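Line order of the protein sequences matches chains A and B. The first sequence begins at 1 in the working numbering and counts up by one. The second sequence begins at 1001 in the working numbering and counts up by one.
Keep in mind that the hints were calculated from the coordinates and are not lab data. Hints may be right or wrong, so weigh each one.
The following label-pair restraints were derived from C-beta to C-beta distances [stated by the list, open to error]:
id, chain 1, residue 1, chain 2, residue 2, range
1, B, A1050, A, R106, 37 to 45 Å
2, A, I37, B, Q1182, 45 to 53 Å
3, B, A1083, A, K112, 45 to 53 Å
4, A, G252, B, A1083, 55 to 63 Å
5, A, R106, B, D1037, 46 to 54 Å
6, A, R106, B, E1025, 25 to 33 Å
7, A, V254, B, M1150, 34 to 42 Å
8, A, G68, B, A1050, 51 to 59 Å
9, A, D83, B, P1126, 40 to 48 Å
One-sided and incomplete, this derived list gives chain A residues near chain B with beta-carbon spacing under 8 Å [unchecked claim]:
id, residue
10, I182
11, G231
12, S236
13, V238
This structure is a prediction, so every number in the text was calculated from the model and none was measured. Glycine is no exception: its CB is placed at the ideal position from the N, C-alpha and C atoms.
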Amino acid sequence: MIKKWAWLIGILAMPALSDDGIFDEYRDLMGDDNPAIFVIDEGEALWFEPQGPRSASLEGCDLGLGPGVTAGAYARFPRYFEDTDAVMDIESRLLYCMQQLQGRDRDALLAKPYSLRGDMGTELEALVTWLAAESEDAVIAPEQAHPSERAMYALGEEIFFYRAGPHDFSCATCHEQSGMRIRLQALPNLTNHDEAAEAFGSWPAYRISEGLVRTMGWRLQDCFRQQRWPGLKLGSEVSVALQTYMAVNAAGGVMTAPGLKR
Amino acid sequence: MRPLFGAGIALISAFTLSSGVASSEQLDAALAGSFIDNGQATVDRLQQDAVQAACHQSRTQPADAALAATLRQQRLDAVVFPADGNFLGDWQRGAEVADNGRGLQSSDDPAQPNGGNCYACHQLAPDEVAYGTLGPALTGYGARGQSEPMLRYTWTKLWDTHAYNLCSHMPRFGAQGILTEQQLKDIMAFLLDPASPVNQDL
Chain A
1 MIKKWAWLIG ILAMPALSDD GIFDEYRDLM GDDNPAIFVI DEGEALWFEP
51 QGPRSASLEG CDLGLGPGVT AGAYARFPRY FEDTDAVMDI ESRLLYCMQQ
101 LQGRDRDALL AKPYSLRGDM GTELEALVTW LAAESEDAVI APEQAHPSER
151 AMYALGEEIF FYRAGPHDFS CATCHEQSGM RIRLQALPNL TNHDEAAEAF
201 GSWPAYRISE GLVRTMGWRL QDCFRQQRWP GLKLGSEVSV ALQTYMAVNA
251 AGGVMTAPGL KR
Chain B
1001 MRPLFGAGIA LISAFTLSSG VASSEQLDAA LAGSFIDNGQ ATVDRLQQDA
1051 VQAACHQSRT QPADAALAAT LRQQRLDAVV FPADGNFLGD WQRGAEVADN
1101 GRGLQSSDDP AQPNGGNCYA CHQLAPDEVA YGTLGPALTG YGARGQSEPM
1151 LRYTWTKLWD THAYNLCSHM PRFGAQGILT EQQLKDIMAF LLDPASPVNQ
1201 DL
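Can you build the whole structure from these sequences, using the hints too?
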């Protein structure tokens, strides 16, 4: 597969080799067209659809800006919620609302939050994609007023540099230097404001190679898979802490999601 | 291990930390509560050894130079050289090991051989354009020759890079059991054999 891409890049995009190569070309060809638009529509429909034992929609869900307020909400995550006394990412907040408002079973919701390759995409992915679109062009501004939010940033920074596993990898192994790449994949330096903003602001994203929208929670799980670490739980403390670390480093940047990626 | 959502909101409140620098207790609790076994990638992998801990705490090199020197010497003393004294295998098999990025991930089949994934970070054969840049380019590495010190140096870098550069980003392919002795010999030949594509002009 990589050999095939390499050949195409050799023909089409030698000058862009240090960037995303052929994927930049693809993005240019697509212009403003992103297959994620269909997932956005699906997510919006799901928000308003009565579901669960209580046959309720998610319109009463408080994403931090008040019940039912979706515009700009994504750009303020992760954030502290009084009702759970916890710092939450948008994915675990949505699961909380599905339980509280719709009466749905947590284990069932967590059985398959992210689609497998070849699937059509999950409810959670669609909702997150729509909510990201509801924050398009919003300034990334995660809450850091509550002590728990600041502590979550400190924890995220510590985990970012934690080396472990048979390969000794940390997040920093790939993401603390600028201008580096793995094979042909450009790596953002997530300790740098501009690069963190571009990276964080472009998730969730439609992945061309998978034909699916992927969320930031999925992206972190897949990073740890490649780090040879065990499985990261959705909405876990480590996941929320790393999202907080990235969001705060990205603060002041602009949300461009849903993005279009390799 | 704390079940994440098992008892609902009462457990989520454990996420409420005090602000400031994360303590090692907070870090350990967060790690213990956030990961689950996933195939061959089990949670015991989160336990750091002395090198991982030293390089994590200071983020690049251990703040304590004496500790760094001690750890480097320990790694150097633990290097296992080929039992038969022969460092060089088959460069063609070595090329396959360098190209293979699989091994030890939860998604990998443990019955299949692990790869070295060298191209993820290094330029090697000049006709492979899909190479990463986290490590130095190794094209033409064989120009260094095959003297005994060069063989032992290169073997040591592959076996346990931390013996020379304690906090290098590179995995310890021998010391951590990622690659077999034969695979390491094959990689050695891929780097050093004059006939290897690594040592050919494009």
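Hints and how they fare:
1. B:A1050 with A:R106: 37 to 45 Å: 40 Å, holds
2. A:I37 with B:Q1182: 45 to 53 Å: 52 Å, holds
3. B:A1083 with A:K112: 45 to 53 Å: This hint holds: roughly 48 Å between Cβ atoms.
4. A:G252 with B:A1083: 55 to 63 Å: 58 Å, holds
5. A:R106 with B:D1037: 46 to 54 Å: With Cβ atoms ~20 Å apart, the hint is violated.
6. A:R106 with B:E1025: 25 to 33 Å: 28 Å, holds
7. A:V254 with B:M1150: 34 to 42 Å: Violated, at about 52 Å.
8. A:G68 with B:A1050: 51 to 59 Å: 53 Å, holds
9. A:D83 with B:P1126: 40 to 48 Å: 60 Å, violated
10. I182: 4 Å, holds
11. G231: Because about 3 Å separates G231 (chain A) from the closest Cβ in chain B, which is inside the 8 Å limit, the hint holds.
12. S236: This hint holds: S236 (chain A) lies near chain B, its Cβ roughly 4 Å from the closest one there, short of 8 Å.
13. V238: 4 Å, holds
In summary, the structure is inconsistent with hints 5, 7 and 9 from the numbered list given earlier, while agreeing with the others.
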